[in-house]
Amino acid sequence: MISEATSVGLEYSTKRPSMADHPNLLKAFLEKTTPRIQKAFETANDVSRLIHHPRDRTAFLDCAEPMNLSNDRVKDSISILYHQNLTTRSHEDLHTWLSGVLTNHVTCLDGLEEGSSNNYTKILMESHLSELILRARTSLAIFVTLFPSKSKVIEPVTGDFQTWVTAGDRRLLQSLEKEIKPDFVVVQIGSGDCKTLNEAVAAIPDKSKKRDCTITGTIDFIFGNAAVVLQNCKIIPRKPMTAQKNMITSQGQTDPNQKTGTSIQNCEIFASADLEPAKDTFETYLGRPWKKWSRTVVMESYIGDVIDPAGWYKWDGDFALETLFYGEYRNRGPGSGTSARVKWPGYHVITSPAVAEQFTVAELIQGGSWLESTGVPYTEGFVYT
Numbered sequence: 001m002i003s004e005a006t007s008v009g010l011e012y013s014t015k016r017p018s019m020a021d022h023p024n025l026l027k028a029f030l031e032k033t034t035p036r037i038q039k040a041f042e043t044a045n046d047v048s049r050l051i052h053h054p055r056d057r058t059a060f061l062d063c064a065e066p067m068n069l070s071n072d073r074v075k076d077s078i079s080i081l082y083h084q085n086l087t088t089r090s091h092e093d094l095h096t097w098l099s100g101v102l103t104n105h106v107t108c109l110d111g112l113e114e115g116s117s118n119n120y121t122k123i124l125m126e127s128h129l130s131e132l133i134l135r136a137r138t139s140l141a142i143f144v145t146l147f148p149s150k151s152k153v154i155e156p157v158t159g160d161f162q163t164w165v166t167a168g169d170r171r172l173l174q175s176l177e178k179e180i181k182p183d184f185v186v187v188q189i190g191s192g193d194c195k196t197l198n199e200a201v202a203a204i205p206d207k208s209k210k211r212d213c214t215i216t217g218t219i220d221f222i223f224g225n226a227a228v229v230l231q232n233c234k235i236i237p238r239k240p241m242t243a244q245k246n247m248i249t250s251q252g253q254t255d256p257n258q259k260t261g262t263s264i265q266n267c268e269i270f271a272s273a274d275l276e277p278a279k280d281t282f283e284t285y286l287g288r289p290w291k292k293w294s295r296t297v298v299m300e301s302y303i304g305d306v307i308d309p310a311g312w313y314k315w316d317g318d319f320a321l322e323t324l325f326y327g328e329y330r331n332r333g334p335g336s337g338t339s340a341r342v343k344w345p346g347y348h349v350i351t352s353p354a355v356a357e358q359f360t361v362a363e364l365i366q367g368g369s370w371l372e373s374t375g376v377p378y379t380e381g382f383v384y385t
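When the sequence shown is numbered by UniProt numbering, its final residue is 385 and no position is left out of the sequence of numbers.
Check before you lean on any hint, since a few could be wrong.
[As the list claims (entries may be wrong)] Pairwise CB distance ranges (calculated):
{"id": "1", "residue 1": "114", "residue 2": "380", "range": "38 to 44 Å"}
{"id": "2", "residue 1": "334", "residue 2": "50", "range": "52 to 58 Å"}
{"id": "3", "residue 1": "334", "residue 2": "45", "range": "31 to 37 Å"}
{"id": "4", "residue 1": "332", "residue 2": "148", "range": "35 to 41 Å"}
The hints are simulated quantities; they were obtained by calculation from the structure and are not laboratory data. Idealized CB from N, CA, C, for every residue including glycine.
Input sequences plus hints: build the corresponding full structure.
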């Protein structure tokens, strides 16, 4: 497993700004954003010490650390923008950091919305976060408009699907077989490394550098909004509870300009020992769209007969079916046939190597620029030629 981590009123003149002006425009916008992030951090930190309801207190605590991280990332971005000529690496770093800032804000808002009370402080914090999400989306829109990507952009496979599908970010969540020692254990009550998923995510290093993992679970067990390549992994859905369905992935991209997505490459997908005899009773799918721009590709992998012929499952009615990007490329195994797959506008049987290439280590997470120094083995492009 290898991973890298609506509009604010903008007026554009009819004359396109010069390249020298580009950093200043985005830099000025970000400089006005930092005090707002700092205010949200202070609010979350202060309220977490005063609030009494356990769920709400946890939600505010979970917000404080991502807000602090977002503040650092915005400051890092401003620092990069002082250099007029962006290198390919700094361009990718900037895009990654701005994508991560949006992910942090959305994660905080999701946590607050799950709280049980609706007091004034919570409403105020949600208002702060809604504004920050708007500003994060605007900063990404400015970035992709003023700084065309130095990496290749995916072209639509069919129809008029947009060309926003680009490169990397970092972070992922995984579950491991019980005989393998987990990196973190999340337990709300009792022993465990972390009490919430947000705490576990915050504890993960900026760049997770693992491969050849065993990942197992039931519902949405590869979950979140990250740029991640799962390479040479065993992905093993288990027997769920009565009347439940297994969902392997639940990718959460919230904006078309984010550099996030899940790529499953050269992996094996098969049923666990407890699911195997019951696989006709419990449906298992490759994934479902948690957020509007959910983006997942399975390629060069073995797909066992545990996967339902439809392949993918809806989240809620027609939500995200036109805006998601789900793709399959050169897979094998009894569950890899695509003739009975879903017919959604956002689902694609990828036939072009140029499109599939965007989900390799080289393109999705720019692994060639940093992975070699880690000593982790990896395949930069296609496994099979």
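Please list, smallest to largest, the hint numbers that this structure does not respect.
3
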